[in-house]
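*Asks:* Going down the list, the protein sequences come from chains A and B.
Count the first sequence with my numbering and you get residues 1 to 112, in order.
Count the second sequence with my numbering and you get residues 113 to 224, in order.
Since the hints were made in silico from the structure, they are not lab data.
Cβ coordinates follow ideal geometry from the N, Cα and C atoms, glycine included.
Incorrect hints may appear among the rest.
[Unchecked claim] Lysine-lysine pairs mimicking BS3-like chemistry, simulated, CA-CA at most 30 Å apart: (1) B:168 with A:11; (2) B:179 with A:15; (3) A:15 with A:57; (4) B:179 with A:11; (5) B:154 with A:11; (6) A:17 with A:57.
[To be verified] These stretches of chain A come out as covered by chain B in the derived footprint (C-beta under 8 Å, 3 or more residues): (7) 21 to 35; (8) 38 to 51.
Take a look at the letters that make up each chain.
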Amino acid sequence: GAGVSQSPSNKVTEKGKDVELRCDPISGHTALYWYRQSLGQGLEFLIYFQGNSAPDKSGLPSDRFSAERTGGSVSTLTIQRTQQEDSAVYLCASSPGTHVAMFGQGTRLTVV
Amino acid sequence: QKEVEQNSGPLSVPEGAIASLNCTYSDRVSQSFFWYRQYSGKSPELIMSIYSNGDKEDGRFTAQLNKASQYVSLLIRDSQPSDSATYLCAVNAGAGNEKLTFGTGTRLTIIP
């Protein structure tokens with residue numbers, strides 16, 4: 001596709017449920033990032049994938065969060081046993097490796 | 113100390129004037145610097161990148177980098193109401209660490 005695609009665009013889930021957020025990066029982009037943004041806040045780094053290298057998971061806030069990237073393309077961010085504090089916009093970005101990250105439109109997650 | 117710091121604003125500038133946005137960073141090995149614009153409810157979009165000390169101009173936008181002082185700034189000339197947005201500074205750690213760290217953003221309002 002022409003840009004980074006994220007799905008779903010909105011997700012409402014009950015506390016304690018698991019959710020999966022999907023990111024389709026720009027074709028050919030080797031790097032993929034996940035960030036989250038709470039209302040009125042900056043971007044909080046979650047995880048970074050670069051090619052076949054081990055991902056940088058240093059931003060994942062707890063072991064309830066995990067992410068994978070299959071075939072160097074699509075990525076899924078999974079949040080287990082969601083909590084209300086997980087409510088935020090989850091943003092995915094991809095880059096051709098020149099550090100210039102292009103963002104998707106985000107998934108707005110609401111935990112009720 | 114935060115890794116990337118910005119004045120949260122809001123910064124109000126009259127239409128037609130110059131808007132000046134500042135960002136400081138703590139990691140001296142940082143090599144790549146970016147300015148993103150984020151309209152309310154939208155995802156960030158890249159507007160400028162800068163890698164070397166000095167100025168880089170693109171239309172009405174000028175990015176300035178001073179690695180010795182660890183600051184990067186963005187000047188917007190002939191400010192327009194459409195420039196009203198939150199501006200995010202992002203820094204790449206460099207030296208093999210591709211993680212992009214964002215500041216919390218400066219909210220800019222252009223007053224007609």
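*Asks:* None of the hints should be skipped; say for each whether it holds.
*Replies:* How the hints compare with the structure:
1. B:168 with A:11: Since the Cα atoms of residue 168 of chain B and residue 11 of chain A sit roughly 40 Å apart, the hinted pair is violated (cutoff 30 Å).
2. B:179 with A:15: violated, 45 Å
3. A:15 with A:57: Roughly 24 Å between the alpha carbons, so the hint for residue 15 of chain A and residue 57 of chain A holds.
4. B:179 with A:11: violated, 42 Å
5. B:154 with A:11: OK: residue 154 of chain B and residue 11 of chain A at ~17 Å, within 30 Å.
6. A:17 with A:57: Holds. Residue 17 of chain A to residue 57 of chain A sits at ~22 Å (cutoff 30 Å).
7. 21 to 35: holds (count 3)
8. 38 to 51: holds (count 6)
Consistency with the previously given hints fails for numbers 1, 2 and 4, ordered from lowest to highest.
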